[in-house]
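From first to last, the protein sequence lines stand for chains A and B.
Okay, so the first sequence: first residue is -2 according to the working numbering, each after it adds one.
Okay, so the second sequence: first residue is -2 according to the working numbering, each after it adds one.
Take the hints with a grain of salt, since some may be wrong.
Since copy identity is lost for identical chains, a pair holds within one copy or between any two.
Stated by the list, open to error - Straight line, CA to CA, 16 Å or less: simulated EDC-like cross-link-like pairs of lysine to aspartate or glutamate:
#1 Lys157 to Glu190
#2 Lys87 to Glu0
#3 Lys87 to Asp174
#4 Lys208 to Glu190
#5 Lys87 to Asp202
#6 Lys43 to Asp224
#7 Lys87 to Asp224
#8 Lys157 to Glu93
#9 Lys87 to Asp167
#10 Lys203 to Glu0
Read the hints as simulated data drawn from the structure, not as lab findings.
2 protein chains.
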Amino acid sequence: MTENLVFTLVRPQMGENIGAAARAMLNFGLDRMRVVDPRDGWPNPKAVAMASGAAGAVLDRAGLFADVPAAIGDCDFVFATTARSRELTKPVYTPETAVAEARARIAAGQRVGVLFGPERTGLENDDVSRANAIITVPVNPDFPSLNLAQAVLLLGYEMKRQELGALPVDPGLAGADPATRIEIEKLGDHFEEKLETAGFFFPPDKGPSMKLNLRNLWSRMPFTRADVQTLHGMLRQITRSQR
Amino acid sequence: MTENLVFTLVRPQMGENIGAAARAMLNFGLDRMRVVDPRDGWPNPKAVAMASGAAGAVLDRAGLFADVPAAIGDCDFVFATTARSRELTKPVYTPETAVAEARARIAAGQRVGVLFGPERTGLENDDVSRANAIITVPVNPDFPSLNLAQAVLLLGYEMKRQELGALPVDPGLAGADPATRIEIEKLGDHFEEKLETAGFFFPPDKGPSMKLNLRNLWSRMPFTRADVQTLHGMLRQITRSQR
């Protein structure tokens, strides 16, 4: 799917930022970059040094274009990323809605482009006028300081997030079985027995509610079988050492 | 709400990265930072220089702690951000599910901490063992190169994204009225009249379907009133100049 999502850096200035953008793309598995009229020529050794390794291949394959119309000529739909409000009448998407739109178009066989402006000045109105729509990241209006690679990173993250869908929380038990209910029950029995001997359930009329609360405590803990064995062992050793 | 979300940098190394993390937080309106045992002491002039301006205030107010237990002592729930799988049994969240969990807990009056590790090595098992759960960003397994400020940025972005909810696309018509249907109808009439005169609807038996398609074309365009006036003016001027 990602070969039809093309990130285009328009008149980028610092090679380091171009390299950082390539890294940010590859972090989320995106690798189609285009570059329009980079300030310091192309290829850019500082971009390559910053990208390093696998992200360098993103730069090697990046298309170089003289202007925006040439760079987006084969795209079916183009977004311009810009933080500033413009006098241009154009739909404004969040990263979330933009990625949803892009994914739907790509699934229908279209090619979608995203324009990112030069570091200091951002995209010109002339660039934005050629896009179908605008993407504005909902940054703090009192501190909107996203740099080029960060804007690329957030779009890449949104693509991956929507691609994965609503992943459930992984209980993190790989290689560790959760304890069964009978094991929890027996752990409760063991504690109750040792605590009974130790005179913990006092005064006697409070005993039943204290036991109920303890059963409840064990039951809501996400213990593994190993955890339960550890607790049995601790309890045995403590009571043994006190004899 | 954000005063109960505390981002804790554990043993950060480069001042520049601490400053960049403060900027990334403030980009999404977060301002509660804590710092554990920073390599180059505290306050850190390079961090302040990098943060600059408003993000400098995040550093000024950041709490300095000797170790992780002290830094998270007043938190009700703590996430550890780590890319690597650990031998520790612990639930693993995506940024999306982690932020949903954090928002629910904060809404219930809890304080939630997020631990970020040192730049090169990430969090130690000893740090992770003190967290309730892990956050792993779903990066490309072949190129997982997120830096400290980028990890902070993605969590901040998720907070803002979920806070805003599913924002609709802004049609971008601020200060520009959309054309009414009667204006679109009259635009269609104007074109039809001028094209009729020009002999465009030929052969005559194809005329009705050509007119239908043109009406459909105008109707699906998101024209503003100003767009419609522009088109009327263009059409008048072209036909006038050709007399």
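Hint check results:
When the C-alpha separation of lysine 157 and glutamate 190 is checked against a cutoff of 16 Å, the pair qualifies neither within a copy, at 52 Å, nor between copies, at 51 Å. In this assembly of identical chains, the alpha carbons of lysine 87 and glutamate 0 never lie at most 16 Å apart, being 26 Å within a copy and 36 Å across copies at closest. Taking the closest pair of Cα atoms, lysine 87 and aspartate 174 come within 16 Å of each other only across two copies (12 Å); inside a single copy the shortest separation is 54 Å, beyond that limit. Taking the shortest Cα distances, lysine 208 and glutamate 190 sit within 16 Å of each other inside one copy (11 Å), while across copies they are farther apart (90 Å).
Neither within a single protomer nor between protomers do lysine 87 and aspartate 202 lie at most 16 Å apart by alpha-carbon distance, with minima of 74 Å and 39 Å respectively. Taking the shortest Cα distances, lysine 43 and aspartate 224 never come within 16 Å of each other, neither inside one copy (52 Å) nor across copies (45 Å). In this assembly of identical chains, the alpha carbons of lysine 87 and aspartate 224 lie at most 16 Å apart only when taken from different copies (12 Å versus 58 Å within one copy). Taking the shortest alpha-carbon separations for lysine 157 and glutamate 93, both the intra-copy value of 11 Å and the inter-copy value of 11 Å come in at or below 16 Å.
Only between protomers do lysine 87 and aspartate 167 lie at most 16 Å apart by alpha-carbon distance; the minimum there is 9 Å, versus 41 Å within a single protomer. Taking CA atoms no more than 16 Å apart as the test, lysine 203 paired with glutamate 0 passes in neither setting, with 68 Å inside one copy and 41 Å between copies.
Of the numbered hints given earlier, the model fails hints 1, 2, 5, 6, 10; all others are met.
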